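Novice: With the hints as extra help, turn the sequences into a complete structure.
Going down the list, the sequences are from chains A and B. Position one of the first sequence corresponds to residue 0 (numbering that gives the first Met the number 0), numbered consecutively onward. Position one of the second sequence corresponds to residue 0 (numbering that gives the first Met the number 0), numbered consecutively onward.
Derived from the structure by calculation, the hints contain no laboratory data. Just so we're clear, the structure is a prediction, and the values are computed from it rather than from any experiment. All residues carry an ideal CB built from backbone N, CA and C; glycine is no exception. Any given hint could turn out to be false.
Claimed, not checked - Straight-line Cα separation of at most 25 Å, SDA-like style, residue types lysine to any residue; simulated pairs:
(1) A/Lys29 to B/Arg62
(2) A/Lys29 to B/Ala45
(3) A/Lys48 to A/Gly27
(4) A/Lys29 to B/Ile56
As the list claims (entries may be wrong) - With the C-beta cut set under 7 Å, the calculated list includes, among others, these residues of chain B facing chain A:
(5) Gly13
(6) Arg40
(7) Glu42
(8) Ser51
(9) Phe52
(10) Trp53
(11) Glu85
(12) Leu86
(13) Asn203
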Amino acid sequence: MRIFLNDDAHDVDAATLAAALDSLGFGGRKIATAVNGRFVAAAARPATKLADGDRVEVVAPMQGG
Amino acid sequence: MFYGVNLSSRLLLGTARYPSPAVLERAIKASGAEVVTVSLRREGGAGRAGQSFWQFIQSLGLRVLPNTAGCHSVKEAVTTAHMARELFDTPWIKLEVIGDADTLQPDVFGLVEAARILAQDGFEVFPYTTEDLVVADRLVEAGCRVLMPWGAPIGSARGLNNVYGLKSLRAHFPDIPLVVDAGLGVPSHAAAAMELGYDAVLLNTAVAEAGDPVGMARAFALAVEAGRAAHLAQPLEPRDMAQPSTPVIGKAALGGL
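Specialist: See below:
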């Protein structure tokens, strides 16, 4: 299955958002996520199924004004 | 002062654009700020910048005010606010919905709509707005208990573009905390905002891009304190005519007509 993470295409085996993030090196990181423009809380990632072509956004804290 | 949280410092400081994390840390200390603004951005699987910034922020032990900088739509801003609430573990959100790419002027229509959605969802919204009174009314009606009108466009260093408008806003909302957010360039701008009776100022670029950010942070802290003290001491209103400060009565009569 091909997903787009922050616009980059990735072929992943994972069925859920949590599994996909783990396989792409995000395990244990301080991040927030959205799928297809909708916020997905950390607690909901294991139950969030991904489909081919899904667009995942992963953000982290950064400096701001 | 802000949503039931009392702060002793009336200066809120942004964390972006400093020459280094060490300078940022020293500037925050010199400013005396108890609230710093933060943001969120994409991070790749190999990137660690966000993780180290998060540790840095935690080490400061300050309250954080995450923003929705760069959002141009209600949907984008609302989703960003949700991500920020989870990441930074705070209901506070500096809500920015940008309407114009050149001036970074708020899209006040989208702002009111996003503020209503977020306030209903338990967020404590700090809206980045203009000095427009009616927009401010709508924001309060939407649930905002703080208003943050701009002084001038973000990063422009122009100071208070519309002193009359800011004064009207203060008079119209005596009980809502008001923060001048954006556009300040030098400490006298901050002092002027405080003299108008504003509760606080929020700045970033004026400190971060100064030749000596730590020195400028201290200068702004002094200006905010001076402006606040002046406001409490009830400054004079400008007059059209001169009024002698030295009494005329008892002046010696030394001739001349």
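Novice: Which of the listed hints are not met by the structure?
Specialist: Hint 8 is the one this structure does not satisfy, whereas the remaining hints hold.
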